[in-house]
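*Asks:* Sequence:
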Amino acid sequence: MKTSLFSSIAIKKVANYARVVGAVATFVLLAGCASGPHANPADPFEPFNRGVTRFNDTVDEAVLVPVATAYVRVLPSMVRTGVSNFFGNLGDVWSFANSVAQLKLQNSAETFMRVNVNTFFGLGGLLDVATEAGIDRHEEDFGQTLGRWGVGAGPYVVLPIFGPSTLRDTAALPVDRAGGIVSNMNDVAWRNSLSFVEAVDTRAKYLRAGRLLDDAALDKYTFTRDAFLQHRRNDVYDGNPPDDEGGK
Numbered sequence: 001m002k003t004s005l006f007s008s009i010a011i012k013k014v015a016n017y018a019r020v021v022g023a024v025a026t027f028v029l030l031a032g033c034a035s036g037p038h039a040n041p042a043d044p045f046e047p048f049n050r051g052v053t054r055f056n057d058t059v060d061e062a063v064l065v066p067v068a069t070a071y072v073r074v075l076p077s078m079v080r081t082g083v084s085n086f087f088g089n090l091g092d093v094w095s096f097a098n099s100v101a102q103l104k105l106q107n108s109a110e111t112f113m114r115v116n117v118n119t120f121f122g123l124g125g126l127l128d129v130a131t132e133a134g135i136d137r138h139e140e141d142f143g144q145t146l147g148r149w150g151v152g153a154g155p156y157v158v159l160p161i162f163g164p165s166t167l168r169d170t171a172a173l174p175v176d177r178a179g180g181i182v183s184n185m186n187d188v189a190w191r192n193s194l195s196f197v198e199a200v201d202t203r204a205k206y207l208r209a210g211r212l213l214d215d216a217a218l219d220k221y222t223f224t225r226d227a228f229l230q231h232r233r234n235d236v237y238d239g240n241p242p243d244d245e246g247g248k
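Reminder that position 137 of the sequence shown reads as 137 in the working numbering, one-by-one numbering, no gaps.
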């Protein structure tokens, strides 16, 4: 009975991830059709990406910004910090798995220690005891793991709702989703609630930065693209990218 139940859950998850991969493939095909004749080499899908960016900005202004603003106004800073710490601790579990996959032994050891210290001494991760103890956080995902082993970033793409990405990170997204603790919860109500709170908490952190970007950037799309690509390149090389322009 247990084997049958486990098998049905596994099949259901595989089917969900297959749908995600299918959606990604469709997106890439559509983006390819939207390429312009004088496209930026790093952004050959720019016309399509700009359209998706406008959609995301509309959703952001209509839904996420008002909710995140209310979240900041209603909840005390101490509570919001606890929420961020909690989700950060959950994310450290997947970062540990990717650090191991990248053979980063020191990072793996430190992340393993972070998870245990914050879980057992930080009230399940609500308190970031590990940082206070001098144990650094190393954020890793499957896109960085692919980059570590030589998979190039590929063209810049903007995903509906998820935002800026690259072709490599888009392909890695189903694996990142599969590796996340929240996305693996069987209780749908709890999973959806926690996912929503995490999204709101993340957006709340960037409210001020978003306003500054709106005021300062002459072309918000170009600025966001260039900043994102540079940031991801630094992530793959742990802040020490090579001088060549091809890179990962």
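It is possible that some hints are incorrect.
Stated by the list, open to error - Restraint ranges, calculated between C-beta atoms of paired labels, are given here:
hint, residue 1, residue 2, range
1, Ala42, Leu218, 13 to 21 Å
2, Asp215, Ala109, 37 to 45 Å
3, Leu75, Ala189, 39 to 47 Å
4, Val74, Gly134, 27 to 35 Å
Hints were generated in silico from the structure; no laboratory data involved. Think of the CB as a built atom: it goes at the ideal place given N, C-alpha and C, for glycine as much as any other residue.
*Asks:* Each hint: holds or not?
*Replies:* Consistency of the hints with the structure:
no.: 1; hint: Ala42 <-> Leu218: 13 to 21 Å; verdict: holds (19 Å)
no.: 2; hint: Asp215 <-> Ala109: 37 to 45 Å; verdict: holds (43 Å)
no.: 3; hint: Leu75 <-> Ala189: 39 to 47 Å; verdict: violated (21 Å)
no.: 4; hint: Val74 <-> Gly134: 27 to 35 Å; verdict: holds (33 Å)
Checked against the numbered hints listed earlier, the structure breaks hint 3 alone; every other hint is satisfied.
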